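Protein chains: 2
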Amino acid sequence: MTRLEQQINFILEIDKIKKISRQTYLADGSRPENDAEHSWHLATMCFLLKEYANEEFDVLHTIEMVLIHDMIEIDAGDTYAYDPEANKSKRERELKAADRIFNLLPPDQAEYVRRLWDEFEEGDTPEARFANTLDKIQPLLLNDASGGTAWKSHGVHLAQILKRNEKTPKGSESLWEYCKPILKENIEKGNIIEN
Amino acid sequence: MTRLEQQINFILEIDKIKKISRQTYLADGSRPENDAEHSWHLATMCFLLKEYANEEFDVLHTIEMVLIHDMIEIDAGDTYAYDPEANKSKRERELKAADRIFNLLPPDQAEYVRRLWDEFEEGDTPEARFANTLDKIQPLLLNDASGGTAWKSHGVHLAQILKRNEKTPKGSESLWEYCKPILKENIEKGNIIEN
Numbered sequence: 001m002t003r004l005e006q007q008i009n010f011i012l013e014i015d016k017i018k019k020i021s022r023q024t025y026l027a028d029g030s031r032p033e034n035d036a037e038h039s040w041h042l043a044t045m046c047f048l049l050k051e052y053a054n055e056e057f058d059v060l061h062t063i064e065m066v067l068i069h070d071m072i073e074i075d076a077g078d079t080y081a082y083d084p085e086a087n088k089s090k091r092e093r094e095l096k097a098a099d100r101i102f103n104l105l106p107p108d109q110a111e112y113v114r115r116l117w118d119e120f121e122e123g124d125t126p127e128a129r130f131a132n133t134l135d136k137i138q139p140l141l142l143n144d145a146s147g148g149t150a151w152k153s154h155g156v157h158l159a160q161i162l163k164r165n166e167k168t169p170k171g172s173e174s175l176w177e178y179c180k181p182i183l184k185e186n187i188e189k190g191n192i193i194e195n
Numbered sequence: 001m002t003r004l005e006q007q008i009n010f011i012l013e014i015d016k017i018k019k020i021s022r023q024t025y026l027a028d029g030s031r032p033e034n035d036a037e038h039s040w041h042l043a044t045m046c047f048l049l050k051e052y053a054n055e056e057f058d059v060l061h062t063i064e065m066v067l068i069h070d071m072i073e074i075d076a077g078d079t080y081a082y083d084p085e086a087n088k089s090k091r092e093r094e095l096k097a098a099d100r101i102f103n104l105l106p107p108d109q110a111e112y113v114r115r116l117w118d119e120f121e122e123g124d125t126p127e128a129r130f131a132n133t134l135d136k137i138q139p140l141l142l143n144d145a146s147g148g149t150a151w152k153s154h155g156v157h158l159a160q161i162l163k164r165n166e167k168t169p170k171g172s173e174s175l176w177e178y179c180k181p182i183l184k185e186n187i188e189k190g191n192i193i194e195n
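Chains as they are written, first to last, in the working numbering: chain G, 1 to 195; chain P, 1 to 195.
Any given hint might turn out to be false.
Note that identical chains are pooled: a pair holds if it fits in a single copy or bridges any two copies.
[To be verified] List of simulated lysine-lysine pairs, BS3-like, C-alpha gap at most 27 Å: (1) K16 - K189; (2) K19 - K136; (3) K163 - K189; (4) K88 - K189; (5) K16 - K180; (6) K50 - K189; (7) K184 - K16; (8) K167 - K96; (9) K163 - K90; (10) K90 - K189; (11) K152 - K50; (12) K96 - K189; (13) K16 - K136; (14) K152 - K136; (15) K96 - K180; (16) K136 - K163; (17) K152 - K19.
Since the hints were derived computationally from the structure, they do not count as laboratory data. Remember, predicted model here, so these are calculated numbers, not experimental data.
Model the full structure from these sequences, guided by the hints.
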């Protein structure tokens, strides 16, 4: 296979993330969104909301990170954030997926994309911190817009959301501040359980 | 409304492109893809295939362009490339859509995104040329992978494809060269009509 054939092969393989369904519903509540739609949304939010990042960061690098961050779910599936059993095996399943999927690319790009994904998972750079913040607030905004469907169907408690969002302010204090009253409203509406 | 409220309002409005169906099918042929999935695919291809561009170009600028290029379809709908009637009113419908949708953003960002879209439509910069090339080859690759479903269902002729792809080599000669044998194979398979 030529280099370009390998790249096109990868580009067709990742088409599969269009079929990986998430727990979050579209804003209109009509159906769950998928990983490709979610990644497009994060990439777009990244350049439109960059002014709210706590730190200077590289926008292109962050967009690349969010574009690839869910590709491992082609093999590993979407693990619901509030499912403790599934989360036990998550890391192992995802590492195996990363090995197979990223290595469809030519070696230099396989390594580049793997490093991007590791950086996202580790969350230790300004780029990864902002990417993680976007990855947390996008479903929160959609859950709110869709009437809390995903929260209600799983009986989600505020404490679970706060635990999951411990690091969200690290990428952007302002975006996390924006979300707080949304959580409050959804408690009042009975979409999120307070205790 | 605060600046951030305006931005979030826009981010929720553009969620609608997840429901704008295209004529192209997913690689596995199971269903048509939508505009959000298509835009994610182009953005990802942009950074993975940048080495094939004819000219030096700004990758971030091009990714921003492909992320926003179909947002006008929220109001204007997806106009099938090979539908001459619909294409007559396309420009007018899209300009009206751009005015409404982009102006949901704060003025500086509304202007920025409008300029990005105009640049894409005009196709006169290295960034717009490469973005347009990606926008043409992505459905071609998916049509091929899915067994030519979209070509067959519309009875598409080679001459129509070549006319539509007149400018595709301007962004990348190599990517267009890669597509030529694919077209040939699909003629042989009876998916594309030769004359």
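Tested hints:
In the homo-oligomer, the alpha carbons of K16 and K189 lie at most 27 Å apart only across protomers (25 Å), although the nearest pairing inside one protomer, at 36 Å, exceeds that limit. For the identical chains of this complex, K19 and K136 are neighbours both inside a copy (21 Å) and across copies (22 Å), given an alpha-carbon limit of 27 Å. In this assembly of identical chains, K163 and K189 lie within 27 Å of each other by CA distance solely inside one copy; the values are 21 Å within and 55 Å between copies. For a Cα distance limit of 27 Å, the shortest separation of K88 from K189 qualifies neither inside one copy, at 32 Å, nor across copies, at 48 Å.
Within a single copy, K16 and K180 get their C-alpha atoms only as close as 34 Å, which misses the 27 Å cut-off; across copies the closest is 25 Å, which meets it. Taking the shortest alpha-carbon separations for K50 and K189, neither the intra-copy value of 31 Å nor the inter-copy value of 48 Å comes in at or below 27 Å. When the C-alpha separation of K184 and K16 is checked against a cutoff of 27 Å, the pair qualifies only between copies, where the shortest distance is 26 Å, while the shortest distance within a copy is 36 Å. Proximity of K167 to K96 under the C-alpha cut-off of 27 Å is restricted to the intra-copy arrangement: shortest distance 26 Å within a copy versus 41 Å between copies.
In this homomeric assembly, K163 and K90 come within 27 Å of each other (Cα to Cα) only inside a single copy, at 18 Å, whereas the closest approach across copies is 48 Å. In this homomeric assembly, K90 and K189 never come within 27 Å of each other (Cα to Cα): the closest approach is 32 Å inside a single copy and 43 Å across copies. In the homo-oligomer, the alpha carbons of K152 and K50 never lie at most 27 Å apart, since the shortest distance is 31 Å inside one protomer and 44 Å across protomers. In this homomeric assembly, K96 and K189 never come within 27 Å of each other (Cα to Cα): the closest approach is 41 Å inside a single copy and 37 Å across copies.
For the homomeric pair K16 and K136, the shortest alpha-carbon distances inside one copy (23 Å) and between copies (20 Å) are both at most 27 Å. With identical chains, the CA atoms of K152 and K136 are at most 27 Å apart within one copy only, with a shortest distance of 18 Å there and 42 Å across copies. In the homo-oligomer, the alpha carbons of K96 and K180 never lie at most 27 Å apart, since the shortest distance is 36 Å inside one protomer and 36 Å across protomers. For the homomeric pair K136 and K163, the shortest alpha-carbon distance inside one copy (12 Å) is at most 27 Å, but the shortest distance between copies (44 Å) is not.
In this assembly of identical chains, the alpha carbons of K152 and K19 lie at most 27 Å apart whether taken from the same copy (24 Å) or from different copies (24 Å).
In terms of the numbered hints stated before, the structure departs from hints 4, 6, 10, 11, 12, 15, listed from lowest to highest.
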